[in-house]
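Engineer: From first to last, the protein sequence lines stand for chains A and B. For reference, each letter of the first sequence is one residue, going 1 to 470 in the numbering used here. For reference, each letter of the second sequence is one residue, going 1 to 410 in the numbering used here.
Note that these hints are calculated values from the structure, not bench results. Since we're looking at a predicted model, the values are computed, not measured. Treat each hint with caution, since some may be false.
Below, a list of computed lysine to any residue pairs in the SDA-like style, where the Cα atoms sit at most 25 Å apart [unchecked claim]:
#, chain 1, residue 1, chain 2, residue 2
1, A, Lys107, B, Gly287
2, B, Lys364, B, Glu386
3, A, Lys315, A, Lys76
4, B, Lys135, A, Val384
5, B, Lys75, A, Asp365
6, B, Lys75, B, Lys85
7, A, Lys388, B, Lys75
8, A, Lys388, B, Asp277
9, A, Lys76, A, Lys388
10, B, Lys44, B, Gly287
11, A, Lys229, B, Asn331
A short, non-exhaustive set of chain A residues, derived as facing chain B with CB atoms under 8 Å [stated by the list, open to error]:
#, residue
12, Val47
13, Gly221
14, Glu282
15, Tyr314
16, Ala316
17, Val384
18, Lys385
19, Ser395
20, Tyr397
21, Leu399
22, Ile462
23, Pro465
We put the beta carbon where it would ideally sit given N, CA and C, even for glycine.
The chain contents come next:
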Amino acid sequence: MDMAAFRVLAVLAALLLLMTRNLEALEIAESRHLLARTGFGATPAEVADLQALTREQAVDALLARTKAFSRWGTPKWCEVSLAENAKARQKEYDSWKDLPQAERDKKSQERERIDRVRGAELKAWWYHEMLTTDTPLTERMVLFWHNHFTSQLETVRDPLLMHEQNRLFRAHALGNYADLLKAMPLDPAMFIYLDSNSNVADRPNENFAREVMELFTVGEGFYTEKDIKEAARSFSGYQFDPATGRPVRMEQYHDGGRKLVLGHKGVFDADEVMRILLEREERVAIHLTEKLWQEFVDERIDDQEVYRLAAVFYKAKYEMKPLMRALLTSDAFWDPARRGILVKSPVELLCGTMRSLGLPAEPVDRLPAWGRRLGQDVLDPPNVKGWKGGAAWISTYGLLARTEVLDELLADPAKAAAPWIVDARKSGGEGIDAVLRLVMAVAPARPIDRAKGFDAALRQVIRDPAYNLK
Amino acid sequence: MRRRAFIQLCGATALGAMIPGFDLSAAEGDTTPAPRPDGFAWKKTVVLLELRGGNDGLNTVIPYADRAYRRLRPKLAIPADQVLKLDAQLGFHPALKALMPAWKDGDCAAVLGLGYEHPNRSHFRGIDIWNTGSKSEELLGDGWLARVLRASLPGAPADRLADGIVLGFDKTMAYGGFGPLLGDGLRTIIMNAPQDYIQRARAMGAQPGTAANPALGRILDVEHTIADSAEAMQGLIDHAPPLKTVFPKSSLGSGLETVARLIAAGAVVPVFKLAIDGFDTHADQLGRHAALLTDVGDSLAAFRAALQATGSWDRCVVATYSEFGRRAAENGSNGTDHGAAGSAFVLGSQASGRMVGEFPGLEKLDDDDNLLATSDFRGLYSAIVEDWLGADADALIPDARRFARPKILR
Numbered sequence: 001m002d003m004a005a006f007r008v009l010a011v012l013a014a015l016l017l018l019m020t021r022n023l024e025a026l027e028i029a030e031s032r033h034l035l036a037r038t039g040f041g042a043t044p045a046e047v048a049d050l051q052a053l054t055r056e057q058a059v060d061a062l063l064a065r066t067k068a069f070s071r072w073g074t075p076k077w078c079e080v081s082l083a084e085n086a087k088a089r090q091k092e093y094d095s096w097k098d099l100p101q102a103e104r105d106k107k108s109q110e111r112e113r114i115d116r117v118r119g120a121e122l123k124a125w126w127y128h129e130m131l132t133t134d135t136p137l138t139e140r141m142v143l144f145w146h147n148h149f150t151s152q153l154e155t156v157r158d159p160l161l162m163h164e165q166n167r168l169f170r171a172h173a174l175g176n177y178a179d180l181l182k183a184m185p186l187d188p189a190m191f192i193y194l195d196s197n198s199n200v201a202d203r204p205n206e207n208f209a210r211e212v213m214e215l216f217t218v219g220e221g222f223y224t225e226k227d228i229k230e231a232a233r234s235f236s237g238y239q240f241d242p243a244t245g246r247p248v249r250m251e252q253y254h255d256g257g258r259k260l261v262l263g264h265k266g267v268f269d270a271d272e273v274m275r276i277l278l279e280r281e282e283r284v285a286i287h288l289t290e291k292l293w294q295e296f297v298d299e300r301i302d303d304q305e306v307y308r309l310a311a312v313f314y315k316a317k318y319e320m321k322p323l324m325r326a327l328l329t330s331d332a333f334w335d336p337a338r339r340g341i342l343v344k345s346p347v348e349l350l351c352g353t354m355r356s357l358g359l360p361a362e363p364v365d366r367l368p369a370w371g372r373r374l375g376q377d378v379l380d381p382p383n384v385k386g387w388k389g390g391a392a393w394i395s396t397y398g399l400l401a402r403t404e405v406l407d408e409l410l411a412d413p414a415k416a417a418a419p420w421i422v423d424a425r426k427s428g429g430e431g432i433d434a435v436l437r438l439v440m441a442v443a444p445a446r447p448i449d450r451a452k453g454f455d456a457a458l459r460q461v462i463r464d465p466a467y468n469l470k
Numbered sequence: 001m002r003r004r005a006f007i008q009l010c011g012a013t014a015l016g017a018m019i020p021g022f023d024l025s026a027a028e029g030d031t032t033p034a035p036r037p038d039g040f041a042w043k044k045t046v047v048l049l050e051l052r053g054g055n056d057g058l059n060t061v062i063p064y065a066d067r068a069y070r071r072l073r074p075k076l077a078i079p080a081d082q083v084l085k086l087d088a089q090l091g092f093h094p095a096l097k098a099l100m101p102a103w104k105d106g107d108c109a110a111v112l113g114l115g116y117e118h119p120n121r122s123h124f125r126g127i128d129i130w131n132t133g134s135k136s137e138e139l140l141g142d143g144w145l146a147r148v149l150r151a152s153l154p155g156a157p158a159d160r161l162a163d164g165i166v167l168g169f170d171k172t173m174a175y176g177g178f179g180p181l182l183g184d185g186l187r188t189i190i191m192n193a194p195q196d197y198i199q200r201a202r203a204m205g206a207q208p209g210t211a212a213n214p215a216l217g218r219i220l221d222v223e224h225t226i227a228d229s230a231e232a233m234q235g236l237i238d239h240a241p242p243l244k245t246v247f248p249k250s251s252l253g254s255g256l257e258t259v260a261r262l263i264a265a266g267a268v269v270p271v272f273k274l275a276i277d278g279f280d281t282h283a284d285q286l287g288r289h290a291a292l293l294t295d296v297g298d299s300l301a302a303f304r305a306a307l308q309a310t311g312s313w314d315r316c317v318v319a320t321y322s323e324f325g326r327r328a329a330e331n332g333s334n335g336t337d338h339g340a341a342g343s344a345f346v347l348g349s350q351a352s353g354r355m356v357g358e359f360p361g362l363e364k365l366d367d368d369d370n371l372l373a374t375s376d377f378r379g380l381y382s383a384i385v386e387d388w389l390g391a392d393a394d395a396l397i398p399d400a401r402r403f404a405r406p407k408i409l410r
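Generate coordinates for the entire structure from the input sequences, incorporating the hints supplied.
Structural biologist: Next comes the structure, spelled out in structure tokens:
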């Protein structure tokens, strides 16, 4: 072969390579789909970051970037250990003992006030994380776990314990579900929320066992009341230990007898029950996969796909990354017919809007209040089942509240100051096309009027019914 | 038989092999029958009041003459001389004294021993069962009244304000505050008060539109519901005489005042749903429960008075419900834990005016020491559907054929 022919071939090969690569590289619409489904909206920088990548590469990049810890320091009062906190609280309560009733009430009201303020700070801190994170997928997963293993600050009362739980969700955000599940009986907030302190051998309390079955593992319809009773016996005997600030097993309160849980017999304790569920009950993998499917792909469950993915999850011994990779690279996830069929949660609506438009985050405590108005009070879900989510966000109440909050958010459109918005604004009303491409999953339901300028058009886009979709 | 498929398969490579018939969607599949020829009574109204948290039925309709009652509840038993006696065995909690005129006039029925087989003691599952009208182990996606209303939609008057209105916003709304009205295809409003709703709907400014995307279509539908119903509500209120009755200042009181105002104004709304929270009395029950029942009794009495004064009491039936009753024996914290059977009230000018059904008694309890149900709540639902709303319960409420209809109406 002469040199010229070789060159031609080499160029052709390179072209071919380039073409294949181009064919597989993500379109802008695809990048924004991936970002909006796995994070909080999309920014041009985030889209640019994924531009040259294939679907698989982009998903891997998002997964590789996830973190097991928070970005910013938590409020100062979070810096004490659980043990120190428990001791300090105990000391405080002890110091009230001999006070007259009126004084005691005053002290306890003051304690409640401090906890309320701190709870509000904690909620604001989490929003701050979500607004500024460089791995929105991590925050989405922390929120997912918060909605899966729910506890309410309102019931738990001590904000430090809710912070501890949030830290646990971070540590396992895209780690291992089995590890997270096994950590639950020892999580102080969960322990208080589900009355585990009163689960003792001769008087079992079924709350925790019920939620393990109904919500955390196999799911509704796959266990009996009897299974709950037997599991409750296995979980019995943990008491709050003031020395460590954590639950600790006390043999005298633990029911050491034989149990029969979901057809499995043995002398089970908490670890054993969890192990059996994880190893022997395929419903656990299916239930988790169903929930993730509904969170990231489609509210309607595709049984066959979920089953396929659940098997991946089970085989990976409940590692989250292989499951998420399989889920996010599935044909269903990328199906163009499935674009814009999921409803943004209030947190996504708020954080997505603020992040992509570059709205000022201050004062950050506005965000928890807005979230609450929209029906999603972070750290205070409505009940142990968490937020139903999806289409349920859209009700006569929810839709009105969304319109109102978005109006307030964009009361002064000039405050939308992300560099790309500033650029787009220079083109006047026509500049809105760049915004539409990035913030909308589907075309707006109503024509956008470009004649009144960029900011008026921007407000129209944010108020469009289709803006609720991702 | 429990499946073990992919656990057995695990390790083999055939994990992709599908397991057919894995029943994950038991929640779907309601059948929608044709409406009855004599038709759904669109001009009548059911007001459902949820006593959220699990009302202690045993301290609501009290077996004051039963020694077992005092034995099971050394601290929580209501002294016999305080009970509002209905007969030689049973009486109301004293906090319900505002309901006694309605009782004496025969406008109130107490349904006893209400529950279902295999009672569930989870708040969430429990209220799901009551809201959907399902069997204990059955998962239905729709509220029982949503099914009834949807089956009757072909004959719905165009000028109706809504198919159902849920009064009051709370956190559970986000999860399913629609309760028995949960379900697609209905005109359901959630609001705090009419003026607030109207003002906000106008500010939102809906425009007509349709969409192929089902999620977007749903949003547009809800938007139109908001706009249309707000204008209709304004029209009704403009022509309604103000109510003279004074309602309690509680959120239940003002909620029922709103309902009374709309009914008096002639609003066509077959279902109103309200809730009062706080019945999960695990500790220090006596005072809390009395305060809650006072609110319920006073608010319902005011509601009756207001509708009587405006000549609309004949159009309305009120029914209470709760996810479960409470344990027969008190616990160690001066409270009661989650139980099973409970009782309900039905109010209306056509209420049967008596105790309906059989009090379960305290000698024989279930395996968990709870009151045994003597009548299934779906019988009560069927009676409301058939005797009041004029629809066909058998096709809409699972197993309805099996249950006797309590005589709640005259």
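Engineer: Checking each numbered hint in turn, tell me which of them this model violates, lowest number first.
Structural biologist: The structure conflicts with hints 2, 3, 5, 7, 9, 10, 12, 16, 22, although it agrees with all the remaining ones.
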